[in-house]
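In order, the protein sequence lines correspond to chains E and L.
Just so you know, we're using my numbering here: the first sequence kicks off at 31 and counts up by one.
Just so you know, we're using my numbering here: the second sequence kicks off at 202 and counts up by one.
Hints are computed from structural coordinates only; laboratory data are not their basis.
By construction, the Cβ of each residue, glycine as well, lies at the ideal position given by its N, Cα and C atoms.
Possibly wrong hints are sitting among the right ones.
With a straight-line cut-off of 25 Å between C-alpha atoms, the simulated SDA-like cross-links for lysine to any residue are [unchecked claim]: (1) Lys401/L x Arg361/E; (2) Lys348/E x Gly281/L; (3) Lys299/E x His521/L.
What follows is a set of in silico ranges between Cβ atoms, one per label pair, in the way DEER data are often shown [claimed, not checked]: (4) Ile241/L x Arg361/E: 30 to 38 Å; (5) Ile450/L x Val173/E: 22 to 30 Å; (6) Glu460/L x His233/E: 28 to 36 Å; (7) His500/L x Ala93/E: 52 to 60 Å; (8) Ile374/E x Arg366/L: 31 to 39 Å; (9) Gly116/E x Gly281/L: 33 to 41 Å; (10) Leu426/L x Val173/E: 19 to 27 Å.
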Amino acid sequence: MSGGRILLRIFSHGKSHISRSFSSVQTKSKLKTNPISGARTVFNGVDSKTMFAAQNIPLPELAPGEILAKVRLASICMSDVHTITGHRIEPTPSVLGHEAVVEVIDHRRPESNLAIGDRLTFSVADCCGNCEFCLKGLNQKCVKLFKYGHAKLSDGSGYNGCYATHIILRRGTHVVKIPDVISDRCAAPINCSLATTMAAMEHVPKIKNGRAFVQGDGILGLYTSAALREHGFEKVYCSGTRLQRSKFIDRFGAIPLYNDEVLHEETNKIDVVVEVCGVASVVNDGFRMLKPGGIYLFLGMVHPHSQLNITGEQIIRKCLTIQGIHNYAPRHLDQAVQFLAKTIRRYPYEEVMGPTYDLPDLPAAMKLATGKQYSRVLVKPNMVN
Amino acid sequence: MTNQSNNDLYRNSIQYVHGLITPSSDTESMLGTRTIFHGIHSPEIFTSETISLPELGPGEILVKVRLASICMSDVHTITGHRTEPTPSVLGHEAVVEVVAHRRPESDLSEGDRLTFSVADCCNKCEFCLKGLNQKCTKLFKYGHAKLSDGSGFNGCYASYIILRRGTHVVKIPDVISDRCAAPINCSLATTMCAMEFVPKIKNGRAFVQGDGILGLYTCAALRELGYDTVYCSGMRIRRSEFIDRFGAIPLYNDEVLHEETNKIDVVVEVCGVSAVVNDGIRLLKPGGLYLFLGMVHPHSELNITGEQIIRKCLTIKGVHNYAPRHLDQAVDFLEKTIQKYPYDEVIGPAYALSDLSAAMKLSIEKVYSRVLIKPNMT
Numbered sequence: 031m032s033g034g035r036i037l038l039r040i041f042s043h044g045k046s047h048i049s050r051s052f053s054s055v056q057t058k059s060k061l062k063t064n065p066i067s068g069a070r071t072v073f074n075g076v077d078s079k080t081m082f083a084a085q086n087i088p089l090p091e092l093a094p095g096e097i098l099a100k101v102r103l104a105s106i107c108m109s110d111v112h113t114i115t116g117h118r119i120e121p122t123p124s125v126l127g128h129e130a131v132v133e134v135i136d137h138r139r140p141e142s143n144l145a146i147g148d149r150l151t152f153s154v155a156d157c158c159g160n161c162e163f164c165l166k167g168l169n170q171k172c173v174k175l176f177k178y179g180h181a182k183l184s185d186g187s188g189y190n191g192c193y194a195t196h197i198i199l200r201r202g203t204h205v206v207k208i209p210d211v212i213s214d215r216c217a218a219p220i221n222c223s224l225a226t227t228m229a230a231m232e233h234v235p236k237i238k239n240g241r242a243f244v245q246g247d248g249i250l251g252l253y254t255s256a257a258l259r260e261h262g263f264e265k266v267y268c269s270g271t272r273l274q275r276s277k278f279i280d281r282f283g284a285i286p287l288y289n290d291e292v293l294h295e296e297t298n299k300i301d302v303v304v305e306v307c308g309v310a311s312v313v314n315d316g317f318r319m320l321k322p323g324g325i326y327l328f329l330g331m332v333h334p335h336s337q338l339n340i341t342g343e344q345i346i347r348k349c350l351t352i353q354g355i356h357n358y359a360p361r362h363l364d365q366a367v368q369f370l371a372k373t374i375r376r377y378p379y380e381e382v383m384g385p386t387y388d389l390p391d392l393p394a395a396m397k398l399a400t401g402k403q404y405s406r407v408l409v410k411p412n413m414v415n
Numbered sequence: 202m203t204n205q206s207n208n209d210l211y212r213n214s215i216q217y218v219h220g221l222i223t224p225s226s227d228t229e230s231m232l233g234t235r236t237i238f239h240g241i242h243s244p245e246i247f248t249s250e251t252i253s254l255p256e257l258g259p260g261e262i263l264v265k266v267r268l269a270s271i272c273m274s275d276v277h278t279i280t281g282h283r284t285e286p287t288p289s290v291l292g293h294e295a296v297v298e299v300v301a302h303r304r305p306e307s308d309l310s311e312g313d314r315l316t317f318s319v320a321d322c323c324n325k326c327e328f329c330l331k332g333l334n335q336k337c338t339k340l341f342k343y344g345h346a347k348l349s350d351g352s353g354f355n356g357c358y359a360s361y362i363i364l365r366r367g368t369h370v371v372k373i374p375d376v377i378s379d380r381c382a383a384p385i386n387c388s389l390a391t392t393m394c395a396m397e398f399v400p401k402i403k404n405g406r407a408f409v410q411g412d413g414i415l416g417l418y419t420c421a422a423l424r425e426l427g428y429d430t431v432y433c434s435g436m437r438i439r440r441s442e443f444i445d446r447f448g449a450i451p452l453y454n455d456e457v458l459h460e461e462t463n464k465i466d467v468v469v470e471v472c473g474v475s476a477v478v479n480d481g482i483r484l485l486k487p488g489g490l491y492l493f494l495g496m497v498h499p500h501s502e503l504n505i506t507g508e509q510i511i512r513k514c515l516t517i518k519g520v521h522n523y524a525p526r527h528l529d530q531a532v533d534f535l536e537k538t539i540q541k542y543p544y545d546e547v548i549g550p551a552y553a554l555s556d557l558s559a560a561m562k563l564s565i566e567k568v569y570s571r572v573l574i575k576p577n578m579t
């Protein structure tokens, strides 16, 4: 099914009408209703008659530890594009969208230093903080994991995703304030793309005269290129596809290549290869380039059509390390904000972002995101300063 | 020592002499016997010759082979699954004894029992400097080198071996017998190298896929590191009976532990069979570690997806051979645990050098963890 055709099959936009068929998605009656109403765009599934439906419902009262935030600017992660094109299954009905910069409206975290009006980024993974995985710093695999933009409406408040005017951050959600030097456009992708990049970088050794190869020039690839340069790697290649966004590769510190270019001269010479393109067939070339003792980071191909065509011998003979990276832990969100604040002038973070759409125009925004012309396409659900 | 004189001798004298050496402080007048491998398509796969030992170069050590053990990689070479340069002297696992040496700065004495690094390395290339000496740009491996490379006494299926200047050696404490010492410098050192990547985990759970000598050593090493549940899967043959005495819970290779899905911290592949990898990935918990040691051969296609590795945030680490420090760790480990595990009992009989073929044949049957070769009266 083409992304374009699906996107056409959507959308009733009812600010003032809530049809009877939506009444079943009212939040649980135990929560007192709030005088503030929010608008949220509900995703009903790829095969639904109305793939996206807008709802206006009152926001529930906050529970202990929760934060009510206004979504200032959301960005469309490629995983959402894969969900609405049917390549990925998420529970429905749900509010998609998990990358955003938000603003505190109200909160119940008295021990924190949060103030109304604070701009925040927040962890996509809400976690328990005391299971085996949280305790060893792998919070993204928490036994009680909850992910914004990946949860059914009926799970908790129902204001669980960023394609909405508001989001309610749960008590186990780590938040980080955004410094003024970082604009909303630059801040939006922090809590998925940039934080995941930081999680990947945790596995990258500091190597004198290090050489790296980044396979993929989407937002993950560009951030990874910058992060590797900042880490001291002196040569970073980045391979992409022949699209508009590729022209930014060199401004993120990397040597641009197109994905059909084979660098023979770098065989066995690369310290770190990073897969951020979602395509399993690049792995053989990655193996070729890695030097003995090298490390291969896998980030992109989190989907079933990622069959690897490699042998155990290739991994053993070169004493390679392969590290899978999925999402990130709370510390990586802090690292992401620090990294961005430190390098905000050095790299064209703002320029790689695309245009901003209103919430009712989400389907058009998704369509543009599918075209991969921009690193990110934005959604602005509210009027904000 | 010159290559020229070696080659002359090789051409002029091929004799069967069972290791009779005239003791002398002048190594040039000493004779060494070596069994040469000519390749599996040769009319004579093995021939024996006795020739004069060359003079030692600076940094070299002339050692007598006290006891060699047959590594499965040699079995693969002589059954044609593996290709090595020929003609060569095979054999790279052995405990040896110093006869003479040119390492004045060392504390070596005549009569010292030693183990030695299979990899002779330069110690100054990029790989040596980062502790990955086994990938040295000037790598030389005993038991894997042509006769014409260096002294020609390059392998353990011989009465003598000449250790080159870049070869790390470690003395064997008396408490370790020859039988236990022989496999140190391949199997046990490689195990130590693998263990370097294994985190100390409270109540750690591990799964060792393979019950050959690498599997048994790995089980013991994991228990010593504090892992309280170690499974070891093997095949239905005699050596499997030692699994529990090496600290592990024995399983047969068709047993599927459903209850351990997503619960294992470390899986170690030491069986050479790539088909086990899917089960290993199933067993691993998020953030777990998979060590690949065994399948160092081309028929090791993996039937896995990138998604499996990413979703569980897995680490896969390839371990090939080892670095000098792992040889020291191996000797320390064995000395410390020599009474605790039945190291001697898993080793099979010892054959004379002239019976190498019979010894190889017994190795193929995998009844014992190791079959031994004793080239000298010692």
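Hint-by-hint comparison with the structure:
Distance restraint check for lysine 401/L and arginine 361/E: the Cα-Cα separation of roughly 23 Å lies within the 25 Å cut-off, and the hinted pair is therefore satisfied. For the given pair, lysine 348/E sits about 23 Å from glycine 281/L by alpha-carbon distance, which is consistent with the 25 Å threshold. Note on lysine 299/E and histidine 521/L: the hinted pairing holds, with a Cα-Cα distance of about 18 Å set against a maximum of 25 Å. About 56 Å separates the C-beta atoms of isoleucine 241/L and arginine 361/E, a value inconsistent with the hinted range of 30 to 38 Å.
Hint check: isoleucine 450/L to valine 173/E, Cβ distance near 25 Å, so the stated range 22 to 30 Å holds. About 31 Å separates the C-beta atoms of glutamate 460/L and histidine 233/E, a value consistent with the hinted range of 28 to 36 Å. The beta-carbon spacing between histidine 500/L and alanine 93/E, approximately 57 Å, falls within the hinted interval of 52 to 60 Å. Remark: the range hint 31 to 39 Å for isoleucine 374/E to arginine 366/L is contradicted by a beta-carbon distance near 55 Å.
Distance hint for glycine 116/E and glycine 281/L: a CB-CB separation of about 50 Å, inconsistent with the stated range 33 to 41 Å. One distance hint, 19 to 27 Å for the beta-carbon pair leucine 426/L and valine 173/E, holds here, with the actual separation near 26 Å.
Of the numbered hints listed earlier, those contradicted by the structure are 4, 8 and 9.
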